[in-house]
Amino acid sequence: MFHFVVKRFLQAIPLMIGVSIIGFSMMHLAPGGPLAVYTLNPTITAQDIERIKHVFGLDQPVYVQYLKWAYGMLTGNWGNTFFGGRPVLEVILERIPATFLLMGSGMSLAMIIGMIIGILGAVKRYSVFDYLATTGAMIALSFPTFWFGLMTIFVFSLKLGWLPSGGMYTLGGEENLIDLLTHLALPTLVLALVLVAQWSRYTRSSFLEVIHQDYIRTARSKGLGGGRILFRHAFPNALAPLVALAGIQLPWLFSGALITETIFGWPGMGRLFVDALTMKEYPILMGMVMITAVAVIIGNLMADVINALIDPRIRLE
Amino acid sequence: MASHQIGPMKNDYYVKPVSRALDADGGVCQVTPGSASGYYETPMRRIFRRFLHHRLAVIGGCIVIALLFMAFSANLISPHDPLSLDTQRRFIPPFKDFSFILGTDEMGRDILSRLFHGGRISLVVGIAAMFATIVTGLAVGLMSGFYGGRVDNLLMRFTDTMLCFPQVFLLLVLAAFVTPTVISIALIIGLTSWMEVARIIRSQIQYIKEQDFVQAAFALGASETRIMFRELLPNAVAPVMVSATLNVANAVLMESYISFLGYGIQPPLASWGNMLTNAQSYFDLAPWLAILPGVMITLTVMSFNFLGDGLRDALDPRLRM
Chain A
1049 MFHFVVKRFL QAIPLMIGVS IIGFSMMHLA PGGPLAVYTL NPTITAQDIE RIKHVFGLDQ
1109 PVYVQYLKWA YGMLTGNWGN TFFGGRPVLE VILERIPATF LLMGSGMSLA MIIGMIIGIL
1169 GAVKRYSVFD YLATTGAMIA LSFPTFWFGL MTIFVFSLKL GWLPSGGMYT LGGEENLIDL
1229 LTHLALPTLV LALVLVAQWS RYTRSSFLEV IHQDYIRTAR SKGLGGGRIL FRHAFPNALA
1289 PLVALAGIQL PWLFSGALIT ETIFGWPGMG RLFVDALTMK EYPILMGMVM ITAVAVIIGN
1349 LMADVINALI DPRIRLE
Chain B
143 MASHQIGPMK NDYYVKPVSR ALDADGGVCQ VTPGSASGYY ETPMRRIFRR FLHHRLAVIG
203 GCIVIALLFM AFSANLISPH DPLSLDTQRR FIPPFKDFSF ILGTDEMGRD ILSRLFHGGR
263 ISLVVGIAAM FATIVTGLAV GLMSGFYGGR VDNLLMRFTD TMLCFPQVFL LLVLAAFVTP
323 TVISIALIIG LTSWMEVARI IRSQIQYIKE QDFVQAAFAL GASETRIMFR ELLPNAVAPV
383 MVSATLNVAN AVLMESYISF LGYGIQPPLA SWGNMLTNAQ SYFDLAPWLA ILPGVMITLT
443 VMSFNFLGDG LRDALDPRLR M
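Residue numbers (our numbering), protein chains in the order written: chain A, 1049 to 1365; chain B, 143 to 463.
Treat the hints with caution; some may be incorrect.
[What the hints assert, rightly or not] Among chain B residues calculated to face chain A with C-beta under 10 Å, some are: (1) F233; (2) P236; (3) F240; (4) V310; (5) L312; (6) L313; (7) V315; (8) F425; (9) G436; (10) T442.
[Said to hold, decoys possible] Output of the computed footprint for chain A on chain B, the stretches with three or more beta carbons under 8 Å from beta carbons of chain A: (11) 293 to 307; (12) 391 to 398; (13) 416 to 423; (14) 444 to 455.
Don't read these hints as lab results, they were simulated from the structure.
Quick caveat, the model's predicted, so the values are computed rather than measured.
No residue lacks a Cβ here, since even glycine has one placed at the ideal position from N, Cα and C.
Pulled out of the complex, with its shape left as it was, chain B reads as follows (with noise of 0.2 Å):
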């Protein structure tokens, strides 16, 4: 089960099937109860507007997309290089001298800077590590509650024996083996953060297949891709969607766990974990080394959490914790 997640627990937040008026098809809308009579709210409306309706995820969102605009703009906005060394300004705290506001590190590198390009590192891997999950994740629960059966079988006995191993363990074997680039640690950590998904979308898929327009499809002899592509799997968006910013969440605090165990991000790139990884040394002399990127983490992490929290809630009222 929801095993090596280190977050919510996904189980969390199984959706359920939403209805087909969801589907972006224009005419099919339905009267909200309790509204102005003869006023027609859209799906999309309507979700926005329960969206609206969960403050916080409303505030983790704002902050997603101003940590989304740091991340692509961080050349533009950083102060300085994030790499230049100047051994005559280390360790000056931050708040005193102005053109590096937040202070330098042990090798005098503005923490600002740092930061900011460390974020582009730490958002880049999580947001890539998400997007391996997910297709992994879809692969396995599409093919195993399509085809059923046998394939179901083996596919799910694969996806219990992952779950039995503690992620953090799998994540530092694997990031050992290969050179740690940004590609190959977002793709160890989708590769070991798939299973949740694929257990939601299978039991997604196994109640759509059901419906009585998949019977219909496959009446009028709809090919099998054709039914899974255009029929199951614009109606399991809504799982997809709220797993994906999860897993974002997820998958940025285990890059940032193995970076500050060394087995991620090569120093001297920086990332919000490797950031941390001398940090303890400094302690005495300078404790904001330890505390900043611990707090970006923190936020990120926390902000697609709630951004999440709130997806589902939107999507899916009845699942309210």
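Extracted from the complex, chain A is given alone in its bound form (with noise of 0.2 Å):
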């Protein structure tokens, strides 16, 4: 085991060095460069621009700055923002909390939802439920986020006024928990319907892979009941591929709250994206897209060590 997650860690390193390359070159892509903000700016001659290519070592050779570039990502000094020169870290991380309980909250709400209809669709295989459960799935995968955020905002607050359409909590109001939960409820089915599709089809071909082998017979002819053959039998061996799924789904679930988020006015990662967009901020922008890449790698390093966890076949091989 202790062999297995040392090689997995190992293994990341290399992913984590590529995703740096790309995101350095990005910034370097970037029309302007690191210094639009400056060469954009009319008030700054030629003189002033060398002399800030110098301070920030940017006429030294490309390995070098990379290097410099990368230590400073690794200690933590990602730069400052180009309006109001506040540290984009500090920016970034206060975000993220927004973030992780919208994330959190549409993917539990999927997996719980996902996981009871691939389960009845792969017990009663070819019925009507099961027939409608694929097709939904289909078709749920094939909805605009942003459009289905939109019909939501439509029929729950301003036909039904049921739930407010958007924000974290009521301007003006007691920030409890209360206000933050009637908030949440939107934003979470909405970023939940492509997750519970993609849960669904896949707890539904897990457990159908599971449920045909030879020792679920045999547990069924001792006279087992049906609940404990699924639940206490094929379960378990049908957790392996849910488990690598939650870390498949997590680069998908960083754009699904973007897009949420920006339909809602969540006050998360995904809004300061877009606000940095179209302030054409680069550092936040490179500091976002390099946070959200570490984070499917330590996600999917995370779903591989559970799985060896729970499945010794895994960590054996």
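Make one complex out of these two single chains by using the hints.
Structural data, given as structure tokens:
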């Protein structure tokens, strides 16, 4: 087990390096490069630019610049924002709790509903329910997240007036849990829609693979009840692909959160990203791209380790 | 893995290699087990029969054809100029005025005409992006699978790295760097979604490469190019076709995301995504502005998804979910 974890960690290092190289090159590909904010300013002369370049070390060879930048990234020195001059890392970190709350609630809702639908579909294969569920999943996968968001706002806040249409707390109101939950409901639903479809499809195919195996037939022939077979015998073996799915879904979860946050004015990382895009705040954009990519690597690493914990076959490979 | 994908997880459509019988070399046929004795069914016909069996895929296919017709003849079938403004006729609701059957928007432009023209743009972007995706994915997958060793290792690590970035984040950053045109948007989408295709093609090529007929070609001294393009590629057609169809769906979605956020197709040119940008502000007054383009996007993406699903079933029934 220890060897497996160490090996997986070592495998993640080249990925981290790859991600950092792509991130670094993107910053240099940006129009105007890392100095965009200065070159676009008419009051700054060419000599000033040269001086700034020297101060920032941009006249040095590319690999030196890369190493310096990578060192800065590792030590938490991510530069300052163009407007306001605050440290980029600090600006991003204050948005993380809101995003993780949204992602966590969306993912949990999707897992519960998706797994229930998937298991029922696998047990009653080719039934009307199964047919509706698989077709429904395909339709849900085709919904543009932002449009589904607009539609839920239209129905639940405009027409029915049940839930607020945006924000995290009522403006000027008391910031309590109930208020937070009512604001969280719609974004969670929107974020969860596509995830539910994926979870139900994966759960269904993973269960179908398991429940037709010999040991399940043995369990049935010795007279065990359906529920016990399903949860005690089938479930643990069907779990591994689902844990992997949680890791695989992470990049989508970030993308989905970005869209959902924009629609609902949720003060998380996605909103920050879109705002930074309008202001051409390259340091924030690059910081966000890096932080999401690293989060994806760590998420997949965790999924692998959890899988190795629950399934000895994996760690022996 | 299937990361960035907003749409079906791409793992679902890994298609196992087809038999040599599918190659268009005419003579090779197969008896369908259980069919009337002496009746031979050509592979093409078998695929077609299986495809027709998947009812939703047939419906999806019909809608796709209708949408393509709409895109081709948008100029002819639009009742009005999609760009002509008239503040005298703002916010006409659908089915009230028969010359503006689906109503007008906040600038008095005819929505039906805008849906047609916007659909043309969205589909052109989607299909062009699909080609960019497939070409890149094929190139990477073919080289990786064919050469193996160090080339494979390097290309696959690059693929893994690209998969770590959430696609919408990458798309938005890149879209902010370039001047948004139909071509540049399509290229950006292609450059950020080729990874799954590359992986599918690679494993397909690795499998075919070990087959006897390829080994025979090697033994006969065929050139690398010949083996790649005459022996390997034709046998990878099935998964490529399935990925291509599903990739159009994904590209149409992606285009709508970035256009909606204002970094894709720029107004006044209509695309389904940017028609929704301002719709939220007129929710109370004109809900149809928000509903109609979204219905079109969903319908398009869904049709391509069902079509791709049906193609997968037809080309390899073993993988039926």
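Verification of the supplied hints:
1. F233: violated (16 Å)
2. P236: violated (16 Å)
3. F240: Hint violated; F240(B) Cβ to chain A Cβ min 26 Å, cut 10 Å.
4. V310: With Cβ-Cβ at 4 Å, under 10 Å, it holds.
5. L312: This interface hint holds because 7 Å falls under the 10 Å limit.
6. L313: Hint on L313(B): holds, closest Cβ of chain A at ~9 Å, below 10 Å.
7. V315: holds (6 Å)
8. F425: With a minimum Cβ separation of about 6 Å from chain A (threshold 10 Å), the hint on F425(B) holds.
9. G436: Where the cut-off is 10 Å and the nearest Cβ of chain A is about 4 Å from G436(B), the hint holds.
10. T442: holds (8 Å)
11. 293 to 307: holds (count 8)
12. 391 to 398: This one holds; 3 residues, not fewer than the three required, reach chain A with a Cβ under 8 Å.
13. 416 to 423: holds (count 3)
14. 444 to 455: Holds, because 4 residues of the segment 444 to 455 of chain B bring their Cβ atoms closer than 8 Å to Cβ atoms of chain A.
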